[in-house]
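Student: Listed below, chain by chain, are the residues.
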Amino acid sequence: DIQMTQSPSSLSASVGDRVTITCRASQSISSYLNWYQQKPGKAPKLLIYAASSLQSGVPSRFSGSGSGTDFTLTISSLQPEDFATYYCQQSYSTPLFAFGPGTKVDIK
Amino acid sequence: EVQLVESGGGLVQPGGSLRLSCAASGFTFSSYSMNWVRQAPGKGLEWVSYISSSSSTIYYADSVKGRFTISRDNAKNSLYLQMNSLRAEDTAVYYCARDAAFKVTVTTNSAFDIWGQGTMVTVSS
Numbered sequence: 424d425i426q427m428t429q430s431p432s433s434l435s436a437s438v439g440d441r442v443t444i445t446c447r448a449s450q451s452i453s454s455y456l457n458w459y460q461q462k463p464g465k466a467p468k469l470l471i472y473a474a475s476s477l478q479s480g481v482p483s484r485f486s487g488s489g490s491g492t493d494f495t496l497t498i499s500s501l502q503p504e505d506f507a508t509y510y511c512q513q514s515y516s517t518p519l520f521a522f523g524p525g526t527k528v529d530i531k
Numbered sequence: 008e009v010q011l012v013e014s015g016g017g018l019v020q021p022g023g024s025l026r027l028s029c030a031a032s033g034f035t036f037s038s039y040s041m042n043w044v045r046q047a048p049g050k051g052l053e054w055v056s057y058i059s060s061s062s063s064t065i066y067y068a069d070s071v072k073g074r075f076t077i078s079r080d081n082a083k084n085s086l087y088l089q090m091n092s093l094r095a096e097d098t099a100v101y102y103c104a105r106d107a108a109f110k111v112t113v114t115t116n117s118a119f120d121i122w123g124q125g126t127m128v129t130v131s132s
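Chains as they are written, first to last, in my numbering: chain A, 424 to 531; chain B, 8 to 132.
The set of hints was computed from the structure by calculation and includes no laboratory data. Honestly, I wouldn't trust all of these hints.
Distance condition first, Cα-Cα at most 30 Å in a straight line; then the derived DSSO-like pairs of lysine-lysine [unchecked claim]:
#: 1; chain 1: B; residue 1: K50; chain 2: A; residue 2: K527
#: 2; chain 1: A; residue 1: K462; chain 2: B; residue 2: K110
#: 3; chain 1: A; residue 1: K465; chain 2: B; residue 2: K83
#: 4; chain 1: A; residue 1: K527; chain 2: A; residue 2: K465
#: 5; chain 1: B; residue 1: K72; chain 2: A; residue 2: K465
#: 6; chain 1: A; residue 1: K465; chain 2: B; residue 2: K110
Please take these sequences and the hints and turn them into a complete structure.
Tutor: What follows is the structure in structure tokens.
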């Protein structure tokens, strides 16, 4: 089974900061990697699909990169509404659609 | 408006059963694969089950295999999750989610673009 890890598990940042979150797969998943944002008490929201494609309606300050086993989500200038938990998800193989453990971004 | 609305959650005793429903509106439900995802209190997201648009392909997470059954009724624009032999560790918010199946160059990339608001399932005596 493919295992997904994320780092860091949490981070504190200020408005305007550049934030980078890393996701790693235990084996190559090509570009079958998605990123979601979840705020407390709300359903997750798709941000990035296929490693680097921005979902419609998502601000351009969000970007994704990587392929194979190593991926990153970057927020170029953190905004107040970006404080949330971010999850990566692989859709390459079983267990299908496994999520990473999440990275919580909070206010410094 | 594109929307998914879950229902059927509640309190159930260990070993009991529950059936969740997910009503879809605002899009052609029969054209999309669907999923169930759950989130235990204070924990991360866990994918539970997948069903293709025609119900021909079904997958389950190992943690629910043999106990949960996913199904759909395209005529009613509805997705279901029958949960049997429930355990305390099944306690979670259950979300239904649409698989967008994005076409990227020559491949198809699954990603969940529409989610319901979730329904809480509590397994406790």
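Student: Could you run down the list of hints and mark each one as holding or not?
Tutor: Against the structure, the hints:
no.	hint	in the structure
1	B:K50 to A:K527	12 Å, holds
2	A:K462 to B:K110	28 Å, holds
3	A:K465 to B:K83	26 Å, holds
4	A:K527 to A:K465	14 Å, holds
5	B:K72 to A:K465	27 Å, holds
6	A:K465 to B:K110	27 Å, holds
Checked against the numbered hints listed earlier, the structure breaks none of them; every hint is satisfied.
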